[in-house]
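Take the two lone chains and join them into the complex the hints point to.
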Amino acid sequence: MEIDVRKKKADHRLLDGERKTAYLCLIPSCIGLIFLTYVPLITVLILSFFNWKGVGTLQWVGLTNYVRLFTKDPYFIDAIKVTVYFSVLAVFGSILYSFAIALLLNQKIPARGFFRAIFYLPYVLPAMAVYLGWSWLYESNWGLFNYILSFLGIGKVKFIGSPTWVVPSLALIAVWLSGNLIVIFLAGLQNVPRVYHEAAEMDGASGWQRFRYITIPCMTPIIFYNLLMSLITNMQVVTPALALTQGGPGNSSRFISYVMYTYAFKDAKLSYACAISFIFFLIIAVFTIILFVTSGRWVFYQGGND
Amino acid sequence: MKTNKLFFALLIAVLLISVAASIVAAAEPVEITYSYWGTPDEAASVQAVADRFNAEHPEIVVKVMAIPNEEYVTKLNTMATANELPDCGIMNEAGVLDFAEKGLLADVSDMYAGADSMPLDSITFKKDGKPVAYSAANEILILYYNTDMFDAAGLPYPSATEPMTWDEFVATAKKLTLDKNGKNADDPEFDAENIVQYGAVVDNWTWQLEVWALSNGGSWFNADGTEVTINSPEAIESIQKVADLYLVDKVMPYNAGLEDNGIQRSIVSGTVAMATGGTWNVGTSLPGSVKYSVAPLPVMKKEVTICTGGPQVIFSQSKHQAEAMEFIKWYTKEENSWDNLIATGIWMPILEKYYTDEALTKKWIDNPNFPKYEDYKAAVVDYAMNYAVSTSWYYTPHTNEFIEYLRSILGPVWDGTQTAEEAINGGYDYLSSILAGE
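Chains as they are written, first to last, in UniProt numbering: chain F, 1 to 306; chain A, 1 to 438.
Okay, chain A solo, but in the shape it has when bound (with noise of 0.2 Å):
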């Protein structure tokens, strides 16, 4: 009898003291890993907003994991065969479908819930038609040009509000493309092999070369997705006139297309007058460097130009899916990502708001790590309100591996050794398989 009470006292106390752990592992933080691409200054600063997150939220603490950006999709690739994904993160826009058909991205769908504003459609990835992540940023393709070699020339700037056709972009280059005697490429006595100042950049980084398919009337795929259509004669000229920048017009450097740093080889180097790029490159490579302003990309047909931008997304592979949703729900608030990534220039607001009513237009871009006001609001708020469509990535899957082709069969365009015809239509089949999955 004496045993048995004993025994009792010792259930209840071993009782008592697992419900008592368990209290105290409840009040625990949770810990959640956010993955975000960039150097470890810029992780650092991102820390420093998931920090005053952390702070309002006691029951939740995050941890912020930098990946350098040409590394992201491999190291994201690997931990996810590691089954070791973060809880949450930054993706990378060319691979967002494809984690999303392996089941990797965690449901997202309420993440706007009852907001005042949503994003703006053209951001948002989907497949078969449901939107599987937001980005958040909004980035579009504009044209940069450097103001000096403007005032140097005698031109006028190229306007914000009426792109340039093509061919008026192609003249304009010309008379900005000097050699080293200071004739121009207009000049009969022009010595192309010592130019020291060139008209243009068009960035061949592949992806960004589907704006140029668009604006010349053709695309690179038909619109669900399904089909590859960048063997159009519009798309396969549009990719000819870029190229011929270089071979006919001498207006643009030499770039076999293997680097994604068109802006950094040309306006920030000040070698270069005039080039597109993204509009990221405003609060990232641009600040220091040279006097610029914006203007929309020319046109070939149609004005257009195309956004993009990294969506934060949940792995479902985390044991914290509802912590790191409530993060993500805090971080994508304009008024949290404010000072370091949206009143810097490196991301544009992705709520409707910001580009429709100009009293917040203004209280985002009215500062002076933008361009000209005029310029900048014509030129991108409006621009990217009014002619952006969204990156065949946001509703095409296997985009890596599309893209890495793509670069390998346009090799030979840019250095003329092969038309952009011989090239697309020799690739064709395998791109379309690509796009097949095969």
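Pulled out of the complex, with its shape left as it was, chain F reads as follows (with noise of 0.2 Å):
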């Protein structure tokens, strides 16, 4: 009786003693997220509403930039599309092609560690490199993709030089990019139960039934979270547009991140780029949420509700 008190005692203390470190490690965290997220955040919507052109004096204009943003500003309406047709792409692309990737990795293959890592370089690459090569393969009058075609005898393809090609060519760029799923998909894959895959070879399924009805649905919180964060990189892309095509040709490859880099830095026009992030923020909110409400259909936990 006495031993079970002081125990309880004990285990009381311990989990106050856990609670605190609990909180005092969350601090530098909360802190990071008020600081470097909430804080900007409002003061971008805070600013949206002002003219200011980086130096002098804040003017209030109410909902002046906003207003000119959807009637009269040149490339926003095309960004949002073109950043969605992007996103689109690029983000059901590097799901398949990484999950296929994953799948064929988790097989008993020679050299396993070999072609992991061959597939997981180019996401540690830097990001100039990167493109910088990709331009060369996809130069419209001598790179190596239209030395191949007109070997191949077919016409030449101006690829980022076309705006009907230059947003596949540059989501291809996107996909080949996406190592870190490959390793998410891959650690998914090893968790996935073998017992399950026992259980149903005995009962004599095949190998797609069990890849459909076993490691699919295992693998769905983990296909739920890449398709999470690869739709919110991709979404916020620039890179490309900075590096390789400056948002054309024409307005073909303009995403809404470069439309904002360029008012708020070349131009110098940050309130007015305040308001276009801040739309974005929004546009960003609703894929997500889309993403999240959806998601109960679909993705499966074994934890069960908790």
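Hints may be right or wrong, so weigh each one.
[To be verified] With a straight-line Cα cutoff of 20 Å, these simulated SDA-like cross-link-like pairs (lysine to any residue) come out: (1) Lys180(A) <-> Ser150(F); (2) Lys53(F) <-> Glu101(A); (3) Lys175(A) <-> Asp191(A); (4) Lys269(F) <-> Tyr405(A); (5) Lys72(F) <-> Ser433(A); (6) Lys301(A) <-> Pro233(A); (7) Lys269(F) <-> Leu435(A); (8) Lys266(F) <-> Glu101(A); (9) Lys53(F) <-> Ser433(A); (10) Lys266(F) <-> Asp260(A); (11) Lys266(F) <-> Glu71(A).
Just so you know, these hints were derived from the structure itself, not from any lab.
Okay, here's the thing in structure tokens:
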């Protein structure tokens, strides 16, 4: 009896201590979240109601920036379309690609570690070098891809020089760069319980059936996570426009982030760029919410509801 | 009484110490930052020049801050917002008048007070007619050509004194455009799908297109830069003529006009016989590439070229403007930037005397870094003196935005989905509103 009481007390103290440690450990990330995310977010919103060119005084203009954005801006509407188009291609492309590669790398193939490194490598290469390399492959007149095409007797394709091909071409680079998704998929695949597979095998399920009814359902949380991360990353795409296309040809690769960047830093129309970034934040939020809402229907959590 | 004395002595001691401290502080050199666009290597050579200044001026220490060229405007804009601009630096041409409008540039009007030669008027930035900055270098657009390709085709070199007409230029380019069977663009069996050597590149990097409007008797702006005139038939036709080099004449490789590398992808890469570009290429991209020489730009209707050059400015946020002025004055003297910038062909001098006094011209260009003396003298030195007019950013504001939008509407012109007329007329109102700052 006495021992029991003492043990309970000790438990309580332990819990208290743990709780304290937990809060203590959370402080840095809370501070980070507040000062690096929420404060800037609110500042951006407030600034968007002013006219401010980086120096000098702020001038209250109300909703003028937002009105201009949707009525007069020559880039913004196109930019939304292009960004969504790119994201759809890049997100689905990279999910399919990295899931397929992860499945292959999960097999017992020779030199598996080597191949895993090979497919992960693009993700850690410096972005500028990657885009420069691809620009040589894609070059409209002398590039390697066009050399191969002309060798095969097919006419030249302008790739990033063509309004039709520029977004698919850039999406292909994004897919190729998605090595981080492969790693996450691989980790997920290794967690699919072997017992399910063994049981199904004994019941005579084919390889496809096991993949369709065991692997895929067990992987849905991972697929969801990758989908979300990939969506957010690809919606914010800006590097290819900065490195390769300057938003062109015409407006065909003028992503929202790029429009925002040029207004803010090239033209020094900071408050206007703030309005863009706030709308942009809403757009990403809408897509994220859609993804979360629909996820209930297809994501399967083994742990049940907790 | 005793405490009073002690107090008095203490007070004097404090006073003496503070006076001594301020004397020491005054002897401590003032540190100023000079920003420059370029690679770390280039910055090192600029720092070497600055170190010579530092040695001559013990009271000032100049430190060079290198910013990559393509990020220069963005970086300066950001630093301006943070009130952390360097003391002085070279400034991107397209941003000079915007910076002047915001009061970020200090007055440099007495920079050349008492000098024996003034900078050329065409490279003086003016706001409301008053000088706000002077270019540190003079650069004009010219025609470069690969001499080996002309020799192989058995064609005479373009004249350095008599510019080609546009039609002659296209005709020459056709003779120099070869397919994989060695047939040129004049041959009826010419295979336009398999071209291995192109005759010409007219750089369609947006700001450079202004020269063709002028050459065709038009302009992008009226004389005082208050009205956009790029929709004049002459200006529109000039853009179409450049686009047609690819679309109709088949003498130019396709380019969407999105990269500032006309000379690199033509003359330097050895795939194109003639290309237009800025004179800085003589010192930056061309050394050691191919055998080349220079000629004036072909002429649509009028002999003309445009000149430009980043100015040295002092930023008004600086706390040491006098020292910064001292350095800029020193640095812009030709003899101080001679070895690494002028004699290498990267910068052309800004003072008139180098163009008018042949002894000085010889001193400048009679060295192996330059193409043949007679060619460069006629096609660059004399041409700059007689036919160069200011690029419009010397007198129009909001240039970055203007160029960015113009580039976006010209995209469909280069691949032929729109004519220049459709593109320019479609974008004219917005271009005007950018100039007006709306």
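Against the structure, the hints:
The hinted pair formed by Lys180(A) and Ser150(F) meets the criterion: a straight-line CA distance of about 12 Å does not exceed 20 Å. A distance of roughly 11 Å separates the Cα atoms of Lys53(F) and Glu101(A); the hinted pair therefore holds under the 20 Å criterion. Of the supplied pair hints, the one linking Lys175(A) and Asp191(A) holds, its CA atoms being roughly 14 Å apart against a limit of 20 Å. About 15 Å separates the Cα atoms of Lys269(F) and Tyr405(A), which keeps this hinted pair within 20 Å; it holds.
Straight-line distance between C-alpha atoms of Lys72(F) and Ser433(A) comes to about 10 Å, which keeps the hinted pair within the 20 Å bound. At roughly 13 Å between alpha-carbon atoms, Lys301(A) and Pro233(A) fall within 20 Å of each other, so this suggested pair holds. Of the pairs offered as hints, the one joining Lys269(F) and Leu435(A) holds, with about 15 Å between alpha carbons and a cut-off of 20 Å not exceeded. Restraint check: the Cα-Cα separation between Lys266(F) and Glu101(A) comes to about 15 Å, which is no more than 20 Å; the hinted pair holds.
For a cut-off of 20 Å, the pair hint linking Lys53(F) to Ser433(A) stands: about 17 Å separates their Cα positions. The straight-line distance between the Cα atoms of Lys266(F) and Asp260(A) is roughly 16 Å, inside the 20 Å bound, and the hint therefore holds. Note on Lys266(F) and Glu71(A): the hinted pairing holds, with a Cα-Cα distance of about 9 Å set against a maximum of 20 Å.
Of the hints listed earlier, there is not a single one the structure fails to meet.
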